[in-house]
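Chemist: Sequence:
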Amino acid sequence: MSSAPAAAQVIALLQLLAGRPSAQPAATLARELGLPRSTTYRLLGVLKDAGFVTHSEETRRWGLGIAAYELSSAYSRQQPLQRMARAVMTRLAESTGQAAHLGVLHGSDVLYVIEERPLGISPLVTDVGVRLPANVTASGMAMLAHLPAAQVRALFPSGAELVQRNSGADQPETVAGLRSELAQVRQRGYAREVGRVTPGFQTVAAAALDLNGLPAASLAITWPQDAGDRETEYATVVKDAATELTSRLAG
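For the record, in the sequence shown the residue sitting at position 191 is 191 according to UniProt numbering, with numbers rising by one throughout.
Just so you know, not all the hints are guaranteed correct.
What the hints assert, rightly or not - Cβ pair distances, simulated, as ranges:
1) Tyr41 - Gly129: 43 to 49 Å
2) Glu173 - Arg248: 32 to 38 Å
3) Arg117 - Gln164: 57 to 63 Å
4) His106 - Thr243: 22 to 28 Å
Don't read these hints as lab results, they were simulated from the structure.
Note that CB positions come from ideal geometry on N, CA and C, so glycine has one too.
Use the sequences and the hints to build the structure in full.
Modeler: Here's what the structure looks like:
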């Protein structure tokens, strides 16, 4: 038996709706899942609030919502991206001897989807599946720099949305400061952070763009600060790798 029955019930409910050609009455869902109607309505209410199901007052039927579509479209975007990026990321890690990671924007966060680590390199916080605030990371700043200004304003309407991770590290604390740093990223062609994510480590990152010139992902290298000043060297390699991935994404 599942140790998380509510989660199992939610998954079963979504799978049942996904397998039907049209919306279904709650009574039908409850009967086919073997759940009490009260439980079914409670689960549907939670899923409706999160956008995963919709309810028609006219027909009193339930169907999949936009959030379910967004998940499926994110999967279809990320799977080809990971296939195309894997070899690029492997070469990036091998050529530098440092940890290389690929991230994608997820709202105002970065979601890390690939990490390549040469032998002997310790795991980093930027492991696969980890989410971090985009304004804190080089990966996030590299992608934010290529978003339309209106979208950046929507993500960070005020300084309150700018998460501060390590108080000792230099990082933007205001929207004006964020805009200024993003302008510098565009001018340099890459983003950098020193000690923001993890004290004692620094990162450079560059964005790979899709056919519309929007950021599809960021490629980054992280290394210990005591390894010396490698920023220029690693930035060049990262930018070249981002250009290669951009080319692949363009077909």
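Chemist: Taking the hints in turn, state whether each one holds.
Modeler: Cross-check of the supplied hints:
no.: 1; hint: Tyr41 - Gly129: 43 to 49 Å; verdict: violated, 32 Å
no.: 2; hint: Glu173 - Arg248: 32 to 38 Å; verdict: holds, 37 Å
no.: 3; hint: Arg117 - Gln164: 57 to 63 Å; verdict: violated, 27 Å
no.: 4; hint: His106 - Thr243: 22 to 28 Å; verdict: holds, 24 Å
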